[in-house]
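Start from chain L and add chain H according to the hints.
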Amino acid sequence: MKFTNRISCKLKLGAFLGAVSLLTSGLTHAAKEIEVGVLFSQTGGLSIVEKSLASATLMAIEEINAKGGVNGMVIKPLVEDGASDPKTFNEKVSKLVIRDKVATIFGGYTSASRKAMLPVVEKRNSLLFYPTFYEGFECSKNVVYTGAAPNQQLNNYIPWLVKNLGKKKFFIVGSNYLYPKEMAKVAKTLIEENGAEWVGDEYLALGHSEWSSMVKKIKDSGADIVLSNVVGGSIISFYREYANQGISQKDIPIASTVTSEIEVAAMGGKFAAGSYTSFPYFQAVDTEANKAFIERYRAYTKDETAVTHHAMESAYSGVYLWAKAVSKADGIKPNEIMEATKGVSFDAASGTMTVSADNLHTSMTPRIVQWNEDARGTIVDEFSAPVIPLPYAAYGETAGNLFCSESGLDSSKL
Amino acid sequence: MLDTILIGLSLGSILLLVALGLSIIYGSMGVINMAHGELVMIGAYSTVLAQIHMGLSLFAAIPLAFVVCFALGLLIEKFVVRRLYGRLFDTLLATWGVAILLQQAIRLEFGLSFFGIHIAGLGPGLQSVKVPDLLSEPIFIGEFLIQPYRAFIIIISILLAVITWLLMYKTRMGQQIRAIMRNKDMAAACGINVRKVNALTFAYGAGLAGVAGVMMSGFKTVMPDMGSSLVVDGFLVVVVGGVGSLVGTIVASGLLGQVNGIFAALSNDIIARAIVFGVVIAIIIWRPQGLLNYKGR
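These protein sequences, in sequence, are chains L and H. Mind the numbering: the first sequence is residues 1 to 414 in this note's numbering, read in order. Mind the numbering: the second sequence is residues 1 to 297 in this note's numbering, read in order.
In isolation and in its complexed conformation, chain L is listed as follows:
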């Protein structure tokens, strides 16, 4: 009895203190600092990639603070660890939103982690900046997507592969989860639209690294190109087995939507040489802005060989897009920032990025790279202007017929 009394007493006190801090927080924050959440996996299987996203985010925050912050406010990052586990992402985002009352959360890499964070930010009307390229099929008023949507990875890619390389038979491989399967859906429509066909689609468990049967199957399928949506550590064993079974990237090239500078550096250029990847950003983008960006990132991480890649560049640019929104917003409540985000643009290392007022996705310039022996890419094709994001491209969404607009998702079109 005494125990429960004590608890209820504590609860009351907590509620009182909470109320007080709620009343005062608006004042004190506006005067000095603005808190944001930075939620990526610092541990676990995904930490390899997610640590680079976290450092890119923190680097952008540090740069903005060095220039005096936003509207005179210093940005204060609250760094949390998602531990490569969607459930942890859900708990940590709840903590950031409910207890810390941060203005915005920068975070998430896998679709699973985003789906775990989504209900929290939507219910609490908070704001999430999600930096990874993803499968689309989402129309949230609380998430700003600064990575590529499916159409920004595939719309130029498939036609280019069919026309320039003369490829007619696609074999689609992927890891067995949401992103690869949705990407395959978009790809299949595009492949057929471009007069080619797909001869098979197969999926392997996440983290699987025994490719002997699958590669043999590709060889036997008569395919003349492979579209790969394989993610994570499996990528390296895939490309290696591919070479070991004597398939040449010249005859049957692997065209990927995931393989980035990180994986290519890890597998060794020899195995990737001749294969392709489509992203809006590559380390190979040949502009002064990008060279400076790479240098700053290497200095920040104190690693001379650190590679930059699409998702980390999006994480970095996301912070700048956000800062621009904050500086023009009426206040620092999440919904005020969100409103101000619409139409904001930033000259990133990958070119101009603009947040669409309709679906809060970002327009950006798709590029295709071919990997060389030395693990660097050569850009073989790029759009001349940024492309409008279409998260529902797989379901027939076009620039003239948006499914997701400011008034919400028009589900009658699905």
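FYI, nobody ran anything at the bench for these hints, they're computed from the structure. Watch out, some of these pointers could steer you wrong.
As the list claims (entries may be wrong) - Restraint-style ranges between C-beta atoms, simulated for each label pair:
1. H/232 <-> L/395: 34 to 44 Å
2. L/99 <-> H/137: 53 to 63 Å
3. L/78 <-> H/155: 49 to 59 Å
4. L/300 <-> H/288: 54 to 64 Å
5. L/303 <-> H/232: 30 to 40 Å
6. H/133 <-> L/300: 34 to 44 Å
7. L/372 <-> H/289: 32 to 42 Å
8. L/301 <-> H/289: 51 to 61 Å
9. L/288 <-> H/1: 56 to 66 Å
10. H/75 <-> L/292: 40 to 50 Å
11. L/246 <-> H/1: 11 to 21 Å
12. H/287 <-> L/303: 50 to 60 Å
13. H/137 <-> L/303: 28 to 38 Å
14. H/142 <-> L/395: 41 to 51 Å
What the hints assert, rightly or not - Rough simulated footprint, nothing fancy, chain L against chain H, three-plus residues with beta-carbon under 8 Å:
15. 3–17
16. 136–143
17. 218–229
Predicted model only: the values in this text are computed from it and were never measured. Every residue gets a Cβ at the ideal spot worked out from N, C-alpha and C, and that includes glycine.
Positioned in the frame of chain L, the structure of chain H alone reads:
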């Protein structure tokens, strides 16, 4: 068809590589070594580090990884396993703890990052190992393709199995190990230094895991959690083969490798995996003691 069998053979030889060390530790000492996969991972990392910092080739990394893991095995035996003989489930938990410690140590670069020292090749990044040219160029015999690296793994696995068999059946030490397997107390009463023999057996099993790690590093991604999934596969082989039976381990790894290879070719890898588990369940229902098992006393 022949290439499907070859794939099955290569899958089987990798299973054998992992299961061999597990099998002798479990068979002779009654210890479920959950850290075996992590020892494989350490073996793989030894190869990566030897290549970056000492310029050693994959071949030279084999004895090196064996020695590294042998030493690590001695330490684990001395500080953890020795205190838990005869307590099967306690060894399982304790070695699982060791596995987690090893994995996190690699993630933290042995804590050296605290001093600002960065060891290239260690840490949470993806790594790979350069395979000697001799083993990386596929050889075509007519239509038929031979992957030299896979063939190399098969040869190494067979070699290790033969060496282990010779150690167990043709040396004094092996005789002592087998005596301990049959009856530990009686062996001790006959003047066998059980403690020393056990320590060396454990270390040898760990060393085998190290060699498996070198082989894995040539075609799989080297990363801190590469080992955790291997232990399960290893134990499947040990249980199906029969505890303590070397021949059983070889037969079981061959069988499960072929089942995996054939069904992966017919359907896909995910279904093949489910079928492998189905076969394992069927076998242990049919023969709880495993396919080949000596009569214990």
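Hints versus structure:
1. H/232 <-> L/395: 34 to 44 Å: Taking Cβ atoms as reference, residue 232 of chain H and residue 395 of chain L lie about 40 Å apart, which means the hint holds.
2. L/99 <-> H/137: 53 to 63 Å: This hint holds: roughly 59 Å between Cβ atoms.
3. L/78 <-> H/155: 49 to 59 Å: At 55 Å between Cβs, range holds.
4. L/300 <-> H/288: 54 to 64 Å: holds (59 Å)
5. L/303 <-> H/232: 30 to 40 Å: holds (35 Å)
6. H/133 <-> L/300: 34 to 44 Å: Since residue 133 of chain H and residue 300 of chain L have Cβ atoms about 38 Å apart, the given range 34 to 44 Å holds.
7. L/372 <-> H/289: 32 to 42 Å: Check failed, 56 Å falls outside 32 to 42 Å.
8. L/301 <-> H/289: 51 to 61 Å: holds (55 Å)
9. L/288 <-> H/1: 56 to 66 Å: holds (58 Å)
10. H/75 <-> L/292: 40 to 50 Å: Check passed, 49 Å falls within 40 to 50 Å.
11. L/246 <-> H/1: 11 to 21 Å: holds (19 Å)
12. H/287 <-> L/303: 50 to 60 Å: holds (54 Å)
13. H/137 <-> L/303: 28 to 38 Å: With a Cβ separation near 33 Å, residue 137 of chain H and residue 303 of chain L satisfy 28 to 38 Å, so the hint holds.
14. H/142 <-> L/395: 41 to 51 Å: holds (48 Å)
15. 3–17: Held - the segment 3–17 of chain H has 6 residues with a Cβ nearer than 8 Å to chain L, which meets the minimum of three.
16. 136–143: holds (count 3)
17. 218–229: Per the Cβ count (7), the hint holds.
This entry does not satisfy hint 7, going by the numbered hints stated previously; all others are met.
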